[in-house]
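Input sequences plus hints: build the corresponding full structure.
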Amino acid sequence: MSNITLAPEASDSLPALSKPTGLLSWIASVDHKQIGIMYMITALIFLVIGGVEALLVRLQLIVPNAQVLSPQTYNQMFTMHGTTMIFLVLMPMLIGFGNYFVPLMIGAYDMAFPRMNALGLWLLVFGGLLMYYSFLIGQVPDGGWFMYAPLSEQPYTSHRGTDYWALSILVMGIGSTTGAINFIVTVLTMRAPGMTLRRMPLFVWTTFATAIIILFAIPILNAGLAMLEADRLLGARFFNRGGGSPVLYQHVFWAFGHPEVYILILPVFGIISEVIPVFSRKPIFGYEFVAGSSFIITFLSFGVWAHHMFASGLGIGFNAFTAFGTMLISVPTGIKVFSWIATMWGGKLRFTTAMLFAVGFLITFTIGGITGVTFAIVPTDWQTTDSYYVVAHIHYVFVGGTLFGIYAAFYYWFPKMTGRMLSEKWGKIHFWFNFVAFNLTFFIQHFLGLVGMPRRVYTYPDLPGWTTMNMISTVGAFLSGLAHLIFMFNVFYSLRRGERAGDNPWDAWTLEWATTSPPPPHNFDELPPVRSARPLWDLAHPEDPDWKRGH
Amino acid sequence: MLTMDRNKMSMLLFLASEIGFFGTLILAYLYYYPSYAEGPNAANSLDPIMAAIFTVALLASSFTLYRAQKSNEHGEQRATRTWLLATVVLGAIFLAGQLWEYINLLNEGVTISGSLFGSTFYTLTGFHGLHVLGGLIAITILLGLAMSGHLNPARAVAVETVEYYWHFVDVVWIIIFGLLYVWPHIS
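Going down the list, the sequences are from chains A and B. Residue 308 in my numbering is what sits at position 308 of the first sequence, and the numbering runs on without skipping anything. Residue 74 in my numbering is what sits at position 74 of the second sequence, and the numbering runs on without skipping anything.
FYI, nobody ran anything at the bench for these hints, they're computed from the structure. Quantities reported herein were computed from a predicted structural model and do not represent experimental measurements. No residue lacks a Cβ here, since even glycine has one placed at the ideal position from N, Cα and C. One or more of the hints may lead you astray.
If you want the footprint, here are the derived chain B segments under chain A, 3+ residues with CB under 8 Å [stated by the list, open to error]:
no. : segment
1   : 18 to 24
2   : 48 to 55
3   : 110 to 122
What follows is the structure in structure tokens.
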């Protein structure tokens, strides 16, 4: 084994506890793997909370003229559902996976700034607690997840809900920014010998691109929240009275809000780009294009925000610019979809649960992407905006896209994190249940929107077809809830009873599989040489390594 | 870039993120610029001469911090302390000038809630002032380290990282000064 290189080690050790076990070892941890897992646990807890909120919303809508919730509670539920799922579930989950796997995949012993890493986690946790503290004092945010002015302003929302919302998102935003800085510095400075940029796994590439978006998008939101709170607490006039304009709030919010969509999907593109090749037994088709298109998306994501605002009358020039940008950004996304299909083409496909979720992602995310392009066509957007068509679209992107990708990641990487496989039997039940229930819930909402049901309405009259469609959607939502419970059960079951995983259960090729499952605190005892994007393939096939074929 | 010190790189990335923050506040100021015609505005309320004086103090503090960094790099401890002290004093003069300006404006009835100009002006310059305050705290810590003999050429990165931040805050102020204090008088 003369070609084994030594793993790089920390030059100075951080203060550590003498006993590396127990609850305190987690709370005081600066280890990227423990922090990653704590991100995921936080996200899973909030997934349950946000899920219950979604079910309450659907319960209120199950039949016309229902009064399951009060109108006030209903507004609180859809506001907290959206806010929770975006800021406390999907983002932390992806940052958690990034935390755990980016250092492992580049052969590093930790993130570049371990203590700042812990800071980011705890800012998220306390931001989430601050947000939910609003329930204890009974002044819950109720202005929707984008908290449009002037509705969120003092005369219209006199309780403290908006303030809890804005301040807790500010706290979490500071945490995300530290995380973004940490990811960028880690990728640029912590790579193992031989791990050149062109050999980096695609999940690392997309997390890197995501970090760049976070770095520039979150501070825009923070500035908007500062202005909103200046209005609310100090009587400033930014978005409200005396010449202030609610349209500026929309500009600021969506200048953050649309890049945020890509913060939530780019790392998933990375996950899919890891899972599909491994279970097709082929290298990714068009590695450079998958990596490069991520940066085109990063750049373009800042130029399409106003397609959320076509209905606010920005004028034809602005509309045309954004419509063009929105059409354009679907191209690099489409390139990736074709890369994944071409990777599967002619491959020896293994339909494990991770692969099923990846293929399910391909189908549902593509539907969400196509409805997304329809918003670029301004007259179509005017017709469908603020209707259930939009609700269907965002859930195809965030659930059928992001959440399915996250599930693929769980089934793929759970063995590495815990040393045990997730049960494939329960996994397949989970997948099919989830896939069918999800489409049952949301596909029909496209039609609900097209026949004119506005989003966020408390209830609706008994119009032809509305009752049936809403009933189907609600039944689907409860079945989805059951599917998520099957997943939770699978996690608890497999933690105790799961098959032992070994170092590399999937016969995968990237560096995280070169160490034990779970990895030791310093990650690697020794690293294989990195001479291509698939170092473990090269190690297993010395007669036919990638680097000889120019991969 | 790839061989750069991690701490310096992280500071540069943090400052890049600040472009989004200050950029948004500056754009908000410009967005409402046409509506400042009635009531208080930059031309009829701000005093460019006074602002120019405390601007000079801030610009000078960038130079003194640069001198402090160079002195530390050469191991000249006495000079390091002197230049750091000068930086703290100049930064404090800037903040005092800003405070004085605020008091004058408030006495004239220009408040954050009274007009759109007040809202955008106080928010933009206020957040800049908070950044100056944050930098002053960091430089004061450096001064404390220098006084107690803990600053030496081996710790050059600490001074350089703070220096990046301080120059950035300075550049943001130059943009604000140009837009708020100079432009209304030349256009």
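Here's how the hints hold up against the structure:
1. 18 to 24: holds (count 7)
2. 48 to 55: Coverage by chain A is violated here, the residue count being 0 at a Cβ distance below 8 Å.
3. 110 to 122: Coverage by chain A holds for the segment 110 to 122 of chain B (8 residues, Cβ < 8 Å).
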